[in-house]
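Based on the hints, put chain P in the right spot on chain D.
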Amino acid sequence: MILFIILIGTLDLMSSAIQNTDNANSGQYSSLLFINGIGLFILISLIAANFFKMAQQCRYRVPGAKLTLRMGLVFVVVALVPVSVVYYYSLQFLNRGIDSWFDVRIEEGLQNALDLSRASLDLNIAEHKRQTEEVIESVVQLPENMLAINLGEWRAKYNASEMTLFTNTGKAVASSNVNQGQILPTRLSEETLFHLGLGNDYFKLETIREEGMHIRIIVHDPSGGSAMLQAIFPVPKRIETLADSVKTVFTKHRERVFLHNALKDTFTVTLSLVLLFSILFAVWAAFYSAKRMVAPILDLVEGTRAVSAGIYDKQLVSTRNDDLGGLVQAFNDMTKRLAQARNESQRAQQKVESQRAYLQVVLSNLSSGVITFDLDLRFRTSNDAASEILGIDLKLFRRSSIQKIVQVYPSYSNLFWPLQEHMITSEKEWSEQLEIFGAGKRQVLICRSTALPDGAGIQSGYVVVFDDITNLIQAQRNSAWGEVARRLAHEIKNPLTPIQLSAERLRRKLLVKIEGKDATILEKSTNTIIQQVEAMKEMVNAFSEYAKTPQMNIVPLDVNQLLEDVVELYQHKKDVVIELKANRQELTIKADTVRLRQVFHNLIKNALEALDGVENAKIEIVSNCTESNSCQFVEIDFIDNGPGIADNLINQLFEPYMTTKTKGTGLGLAIVKKIIEEHGGVISASNSDGGGAFIAIRLPVNSS
Amino acid sequence: MMCNFFQTKNICWLVVVSSLLFSHCAWSKEDFVIQRIETSLVENIYILDGSIQYQFSKTALEALQNGVALTLEVVIEVLQQRDLLWDKKVYDISYKSSIHYNALSDLYQVISFKDSTKHNFSTLNAALRFMGALKKLQMFNRNVLTPDVVYMVRMKTLLDIEALPIPLRPLAYFSSSWQLYSEWFSWRLGR
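Chains as they are written, first to last, in our numbering: chain D, 184 to 887; chain P, 10 to 200.
Among the hints, a few may not be true.
Footprint (simulated), chain D over chain P, 3 or more residues, beta carbon under 8 Å [to be verified]:
1. 67-80
2. 177-187
Calculated from the model, a selection of chain D residues having no Cβ within reach of chain P, i.e. all distances over 10 Å [as the list claims (entries may be wrong)]:
3. ARG244
4. PHE285
5. LYS340
6. THR352
7. GLY380
8. GLY486
9. LEU521
10. VAL646
11. PRO681
12. GLY699
13. LYS707
14. GLU792
15. ASP830
Just so you know, these hints were derived from the structure itself, not from any lab.
Quick caveat, the model's predicted, so the values are computed rather than measured.
Even for Gly, the Cβ is constructed at its ideal location relative to N, Cα and C.
So here's chain P without its partners, still in its complex pose:
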């Protein structure tokens, strides 16, 4: 019985050390910044307007120039505030859009996954500005919320590593050049 205990103990230590080791790779400086967020209630639908500043790392830019499509995801979560327990997530939604470079036309094309629209830009900055401009983004219906309960909304944006080509993914998980994301931007939901 002692041997089994020591085996389990060793395995746990290995897991903890490995986690610490690998988690270090995920730390990165903030590349995406959520500058402004405004929400409004229109016909029982919460609408979001805001702006995000996107800034890619050199590695990401190089990949983009070489034909790799980059997918950006905006994640919005609604949390029910609780006094004794941790906040409970009652609703979440995400929006994805991708940017890729057209070598033939020397244009940057932005595709929104929400409505499948395509926009072309001759410069990267224009394309990023377009992607960062959140206009009249429909979040959720008010009916999903319980009356007289305090809710917090938080949003973050990140580069979707799972959308990268498979050969890039293992490297992307452990490289800070690919860990591009913003901090959570939280605000209290007005009723």
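One chain only, chain D, in its complex shape:
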């Protein structure tokens, strides 16, 4: 900007110098032109550099560069067109104007005026020449001492300012001057002498010693002598003034004519400089304005990018009060609200996350299994307890249908089909006790379900909560049976002894007193009473044994060895083949040897009783370890080829008092189950493929 101001100033000075050459600045024209040239060069360089920089920015796709360039170019074109038109027509007017100064008629007129002046002066010169010749003719004959006086007279007569007689070598012989103080005559220059030496007379209009215009006549002696007479006549003031003005004007005009084209060029250069500076200023102003206008847009671009990158609290600085300033302000408001919304969303999300985590922890630590289904009855989620209870990894079935689950685990159909039925009927809440045979055992599950709403309260699925109450039921049943057994044992056992003692006493007392038939009756009756009391005592003892929970003596024992020992005791039975298959050489578990032996005995005795009357009776005892590499469970199967177990009894086989035999307490298998369960194992009964009973015992390797 400063550069522009300086250059405009110098241009103005240049312009005034051209218009008025008497102006003080005319002497500095060249310096001003040089300064302008340098300034122009610097300006062009700066603008070119800016242009280059902008082109680079466009190439590297700097935001706003193209827009700035486009806007700048538009401004430049808008500025250039009128400036160029003005320049063109200004130049035309200038050239025509200058051309009009040099009218041929004016030149002719001036030439005529000059010629007229010359003619007028020539007339004077001719007259004075005549006078000078007259004088030299007169004085050349005079003696030397008379020359000065005579010259003075002639000088006064013809109103000359000086008359001097010279020799042909230019030496002054005599002189007379109107100015008494002027002692020395006007000397003849070498050139004049040379001219005179050629025999020519000299007559010129000259300015003599700053005393104005004079006619200087030097004539030779007409008689052929060597003398020369110089006479200087003043030109009348009026004629001198007029002639001088004509001369001056003519000279000036001739100079101007000579400088015609140069003058036009000078004005053209100056005008072109003005045009160039105007254009350059327009270009600079155009790009500066474009940059200023685009700057807020660039800020907005930057702000938009920041928002798209996730920086929502970006605020732009705006100092403008125009539309763009308003846009920036609106952007700032928008980002402020976005930031607030984002913060609220984050807080809500954190809340949801913490609630979810809380729910996750609660669900994970719930002992009840929780399964959720969507409205299409597809499995959504479950907690760990559900997988644990069912013994399957439910997470593998995410988004699977119930059919898929049942297809993979058909043993769970008793659970999932009822669930599906309830959900299809769109029962909002329901509760049911279901019995399944999953995870290698019988399970009783209490299931409860309810509709699952979404955030808007619309049903989005179902949630099923179930608990394995098998153990609870079993424990309740066992407890009940135990309590019954204990009470029964206690209540019945007490009167039995007095009854037995009374019967023995009666027998002892009366048998010696009576004879015959009465004695026989007495003996039989008392024997019957005593035997039956013994039988009842036995039954009561069995109940007591079932009811009590004895101290376990857990020791490591080899199951196979124990089985061999037990089977050895029955080898004398010839009508039954007892086959022992041990798939591993040693199966060591921690268990109570006595009680486990009791289990094996009971099972073998049951099998023998079931095989009574069966041809080729066989009992197969198979011992094995499940999960072959890491033996965690020992499985012992008792398989016979007897009649098998009736279907209606199979579920209650291990219940107390469950017997098909006429004698026995009905507690054998109940005690077996109790012992197995005390060791943390499971026992199950089914019919084998051959039709006989299949009793499977599974005991953990480390008894809990």
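The following block gives chain P in isolation, referenced to the frame of chain D:
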């Protein structure tokens, strides 16, 4: 920062190339010749006598005939000779005189700017001879010099372009027809 460096570099190149371009225009053959120079010391004032041969180009002559006054300048410089550094200018003086053609009287008038005297000549050659004759030109006082120091004097004469009419000046700077000057004429100043 790289952009600024390249901008400066480009500007420098442009300046150098332009200077070379424009300086070519200034080269010209020698039109003015300093033929003889004699200096003498009179009453502590160095006096110069000499002769210069002036020869104008056709363009200059045409301008003169058309009323343009031509100004000739004689420049004299006194330099102190130094061994390690360049010679130091201790004194300079210039004399100007102009010649212009009087169309009315058909005379060439020479005006000396030193004493404002005017001399008229009927021929150009006479006028140029007069201008070239340097007689008893007072240069400088001896007191401006330091004793026991070697001084060189050099002189040149040139056509003063700045004295030309403004329209002619731009052209004169770039035209060899107007670059009229002599070479430096140097001599050692006698003490």
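Going down the list of hints, with the structure as the test:
Coverage of a stretch by a chain is defined here by at least three residues with a beta carbon nearer than 8 Å to that chain's beta carbons; for the segment 67-80 of chain P and chain D the count is 5, and the condition holds. With 5 residues having a Cβ less than 8 Å from any Cβ of chain D, the segment 177-187 of chain P passes the three-residue criterion, so the hint holds. With a cut of 10 Å on Cβ distances, ARG244(D) stays outside the contact zone with chain P, its closest approach being about 17 Å. Listed as a non-interface residue, PHE285(D) keeps its Cβ farther than 10 Å from every Cβ of chain P; the least gap is roughly 13 Å.
Look at LYS340(D): its CB is around 26 Å from the nearest CB on chain P, clear of 10 Å, so calling it non-interface holds up. No beta-carbon of chain P comes within 10 Å of the beta-carbon of THR352(D); the shortest separation is about 18 Å. Every C-beta of chain P lies more than 10 Å from that of GLY380(D), the closest at about 13 Å, which supports listing it as non-interface. Every Cβ of chain P is farther than 10 Å from the Cβ of GLY486(D); the closest lies at roughly 26 Å, confirming the non-interface assignment.
LEU521(D), annotated as away from the interface, keeps every beta carbon of chain P farther than 10 Å; the closest lies near 36 Å. With a least CB separation of 68 Å from chain P, VAL646(D) remains clear of the 10 Å interface cut-off, as annotated. Distance to chain P confirms PRO681(D) as a non-interface residue, since its nearest Cβ pair spans about 122 Å, more than 10 Å. Under the 10 Å C-beta cut-off, the non-interface status given to GLY699(D) relative to chain P holds; the minimum distance is some 145 Å.
At roughly 132 Å from the closest C-beta of chain P, the C-beta of LYS707(D) stays outside 10 Å, upholding its exclusion from the interface. The beta carbon of GLU792(D) is kept farther than 10 Å from every beta carbon of chain P, the shortest such distance being approximately 107 Å. The Cβ of ASP830(D) lies farther than 10 Å from every Cβ of chain P, with a closest approach of about 97 Å, so its non-interface assignment holds.
Hint compliance for this structure: every hint is met.
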